[in-house]
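S.K.: Residue-level listing of the chains:
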Amino acid sequence: MLLGKTLTQLKELIKKREITPVEVKEYFLKRINKFNSSLNVFLTLNDVDEVPESRGAFVGLPIAVKDNHCTKGVRTTASAKVLDNFIPPYDSTVTKRLKYENAFLIGKTNMDAWAHGSSTETSDYGATKNPWDLTRSPGGSSGGSSAAVSAYLAPAAIGSETAGSIRQPASWTGVVGLKPTYGRVPRYGVIAMGSSLDCPGPLTLNVEDAAYILSVIAGHDIHDATSSPLPTEDYVTEIKKKKPFTIGISDDYFEGLDKDVATALEKSIEVFKKLGFKTKKIKLLSPNYAISVYTIIQRAEVSSNLARYDGIRYGKDRTFFGDEAKRRIMLGTYTLSYGYYDAFYKKAQKVRTLIIQDFKRAFQDVDFVIGTPTPITALKLGEFSKYPFFGELMDKFNEPGSMAGIPGISIPIGLDSNGLPIGMQLMGNYFRESDVLNAAYQFEQETDYFGVIKKGIERYKD
Amino acid sequence: MKQYKPVIGLEIHVELKTESGMFCQCKINQFTSLPNSHVCPVCLGLPGALPVPNKKAIEWTIKIAQALNCTINKHTKFDRKHYSYPDLPKGYQISQYDEPIAINGHLDFEANYGTNKNESKSFRIHRVHLEEDTGKLIHKGDDTLIDFNRSGTPLVEIVTEPDFSSSTDVKMFLEELHTIIRYLDVSDADMEKGTMRMEPNISVRVTSNDQISNSKQEPISKFQLPNYKVEVKNINSFNFVKRAIDYEVKRHIELLEQGKTPPQETRGWDSDHNKTYSQRTKEAAHDYRYFPDPDIPPFEFSDEYIESIRKTLVELPHTKMYRYIEILKLKPMDAYILTRDKNTTKKFEIAISNNLITKNNISPQTVANIFINKIGKQLPSKTDKAIVEEIFSLHKLKQDLSNFLNPEEVCEKVIQNNPNVVSDYKNGKQNAIMFLVGQVMREMKGKADASVVIAKLKSQISKIHLKSQN
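First to last, the sequence lines map onto chains A and B. Going by full-length UniProt numbering, the first sequence opens with residue 1, and the numbers climb by one from there. Going by full-length UniProt numbering, the second sequence opens with residue 1, and the numbers climb by one from there.
Note that these hints are calculated values from the structure, not bench results. Positions of the beta carbon are idealized from the N, C-alpha and C atoms, including for glycine. Possibly wrong hints are sitting among the right ones.
Here are the simulated SDA-like pairs of lysine to any residue, each with C-alpha atoms no more than 20 Å apart in a straight line [stated by the list, open to error]: (1) K316/A - G45/B; (2) K81/B - K96/A; (3) K81/B - Y334/A; (4) K55/B - F277/A; (5) K96/A - K55/B; (6) K233/B - E307/B; (7) K350/A - T281/B; (8) K347/A - R182/B; (9) K77/B - D342/A; (10) K81/B - P229/A; (11) K81/B - D310/A; (12) K326/A - Y288/B; (13) K346/A - Y288/B; (14) K326/A - G91/B; (15) K346/A - K55/B; (16) K77/B - A225/A; (17) K347/A - S84/B; (18) K326/A - H75/B; (19) K346/A - P292/B; (20) K171/B - R182/B.
What the simulated footprint calls covered on chain B by chain A, stretch by stretch (three residues with Cβ under 8 Å from a Cβ of chain A suffice, anywhere in the stretch; the number is not a length) [what the hints assert, rightly or not]: (21) 330 to 336; (22) 410 to 418.
If the Cβ cut is set under 8 Å, some of the chain A residues that face chain B in the computed set are [to be verified]: (23) I14; (24) R55; (25) A57; (26) H220; (27) D224; (28) E233; (29) E301; (30) S304; (31) T333; (32) L336; (33) S337; (34) F389; (35) N429.
With the hints as extra help, turn the sequences into a complete structure.
M.R.: So, in structure tokens, the structure goes:
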């Protein structure tokens, strides 16, 4: 009866008292018990908090949370053994806001350790399996969160992006993933990876749920100096207004795509045209520039952010760092070193400014830049470790937008010849989450994602 | 002939007494509370915690910089300074690197004011920046404990140019700076508690005799800095700074005499044995990997903002001193002593404008005398009213005392006590009378008209003359 119900639908059922929040929790716990051992989605289940029964926007709705969000009293590891025993004494702003609306944070999801990766394979607790094919990666770093939604172990999940970590796993597991504008959703309490890039955001079964969660977690936070003071919007209402938009198509964002991905993307553009959207050819800087800029800046910030795990606190010393973390610390330390700072970090920041200007110019003419979060569908587990910087290359279509800090959404647009989900993404102008969500919603209403999301869930019957 | 000239620069750390931390909401209370009782995710550097800069601390730093005649940078930012130490919870300190809040200032003051050794001094300020303090290590037996109560306390660093050539100048500068900080009411600047800490950078340059024509300070641009410097860390008294410099200068000269260059190093001060000791060398090799803190957006200060802070600047000690001398007609030395402490000047200014004092024509100098001699030491325990009453009663007592004495009787007494002087006068030494006048005035605490006294003395002495003739 509950299988595949969206967050919004569950809310209605609870509101009509057809089901209680505790029953909803029990339902998902049963599913987690049944499937988690094969999928390796949850690292920790929340046996600390009571299921809120009182009325509130989220009325006891269960939400899975990526394990880099501090949750008061509930173990938080960022999938890193260094934090194996870390029980935060405080909540991240995102989880605090969800709890304030009486959501039940059902558990903490697996990810790449410290969010370093695009496959969950760097997790110190083993990789998460792609619910569509257990031999494949769900993508990452928010792979646990996307798999949780895809296999319906939770009706919705919180993930986070540095560059692609929501959109790419959403694409590979066939769910909706929203990366908000940098500063739209506060970072306080999210274990820092690339501080100038990190963005928490929702992974959901549909656009309405994403809008619903965003309306709760977005907004200025006194604990985060980089959070935006701009007012938020009523995203759920905004998505339902039929708005005409112009989609920008830049050829560089269609280079090197898998054939099935390219075909599905062409088909999606036709859907938008049918919906009355205009399309316009634009010329953006090649995403290739963003790869090195992103790598330098992110590694520099990583090397600094991980300096606090010096072995004095948290119980585990530096030998517990995994190889990927060590590599990133080394590279970041190098780029920040005396005499190298100007050549690497400073220069990267200058190119970053050019990327920002490039997008700003583009958004004078168009509402969105269309593309895909990832040129191929889900890879076999083990493929990533064969190539250095493979994740960076895989995420090249996400890195420019992340460097600029603009919002983007990934939605399913079909299956490839192997039966694996294909994702499309729309990147929008700064703080135009409502536009991005609106266009995705129109697409959803028109296509129902060609049944992709439903097919995913049906593989995991109660 | 070779001569040695010390080259000294200073780094001074001042903890601000803001209510909350530099980047968190923790109440600043590191001295009276249990270890690690005033901490939060931010000052503990917990995973995910983020710094939010304290506006008051920035404002106060600008204020300090303005009092030191600095240029306020309109664009400023915070940077991460990386080093690994147990009292530094994030593995980096949030500080300022290439865009500090203020640069290029100077502190001018009068040394030995009101004495014949009076000299005008001016020392340049290189920069003033803001950072966060670290936690504190407490060593107990084999254990080292960490108290994070101090972690995240706003800390202002003031760096001078290497303009000092004597430990005496350094001490005077520090005393003046300390007075200014206390005037601004932004820090307790208590050296015992470590809320003001000083680190001199010392080197000695070799120069030939004819280059130093006089003892006057040479502008730094005129000579090349020595190729080494020694930093003495964490000294908590002005006298110790002076002694540490003297010790170091002597040590450097001894090494230079042997043809050696003193090694660049960081040294500590051992106040029990009055000497410095080596802590670590090769400071130059330190790479802090500074980069702009991505958690804190840079600041753009408007002219209006900077000016609005300047308007809150109080009258600073030297300005106050000049005003006391010129407007209130105080003796320079008294004006200097009074203006050393802001609280004293506050009470002094309340007292001199009080009705009881003004209506009775008690002069500011009289009030100043009473302040310096009688009240100063017990000031904190006294209310304004009590002070005024005390001044009034002391003044009145003095007046009564002088009213009570009859000038006639005092003159008689003085004449009796000084027969030799009287006979000198009688024998034609006209000036001798002035000595007697002085004696009378002293007896009467100055409360008599000199011309009246002279008349009375002359009249009485003339009677003596007549008597002896009889």
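S.K.: Determine for every hint whether it applies to the structure shown.
M.R.: So, going through the hints one by one against the coordinates:
no. : hint            : result
1   : K316/A - G45/B  : holds (16 Å)
2   : K81/B - K96/A   : violated (31 Å)
3   : K81/B - Y334/A  : holds (15 Å)
4   : K55/B - F277/A  : violated (47 Å)
5   : K96/A - K55/B   : violated (26 Å)
6   : K233/B - E307/B : violated (35 Å)
7   : K350/A - T281/B : violated (37 Å)
8   : K347/A - R182/B : violated (44 Å)
9   : K77/B - D342/A  : holds (17 Å)
10  : K81/B - P229/A  : violated (28 Å)
11  : K81/B - D310/A  : holds (16 Å)
12  : K326/A - Y288/B : holds (19 Å)
13  : K346/A - Y288/B : holds (16 Å)
14  : K326/A - G91/B  : holds (16 Å)
15  : K346/A - K55/B  : violated (28 Å)
16  : K77/B - A225/A  : holds (13 Å)
17  : K347/A - S84/B  : violated (27 Å)
18  : K326/A - H75/B  : violated (35 Å)
19  : K346/A - P292/B : holds (10 Å)
20  : K171/B - R182/B : holds (16 Å)
21  : 330 to 336      : violated (count 0)
22  : 410 to 418      : violated (count 0)
23  : I14             : violated (30 Å)
24  : R55             : violated (30 Å)
25  : A57             : violated (24 Å)
26  : H220            : violated (11 Å)
27  : D224            : holds (5 Å)
28  : E233            : violated (23 Å)
29  : E301            : holds (6 Å)
30  : S304            : holds (6 Å)
31  : T333            : holds (7 Å)
32  : L336            : holds (4 Å)
33  : S337            : holds (6 Å)
34  : F389            : violated (22 Å)
35  : N429            : violated (20 Å)
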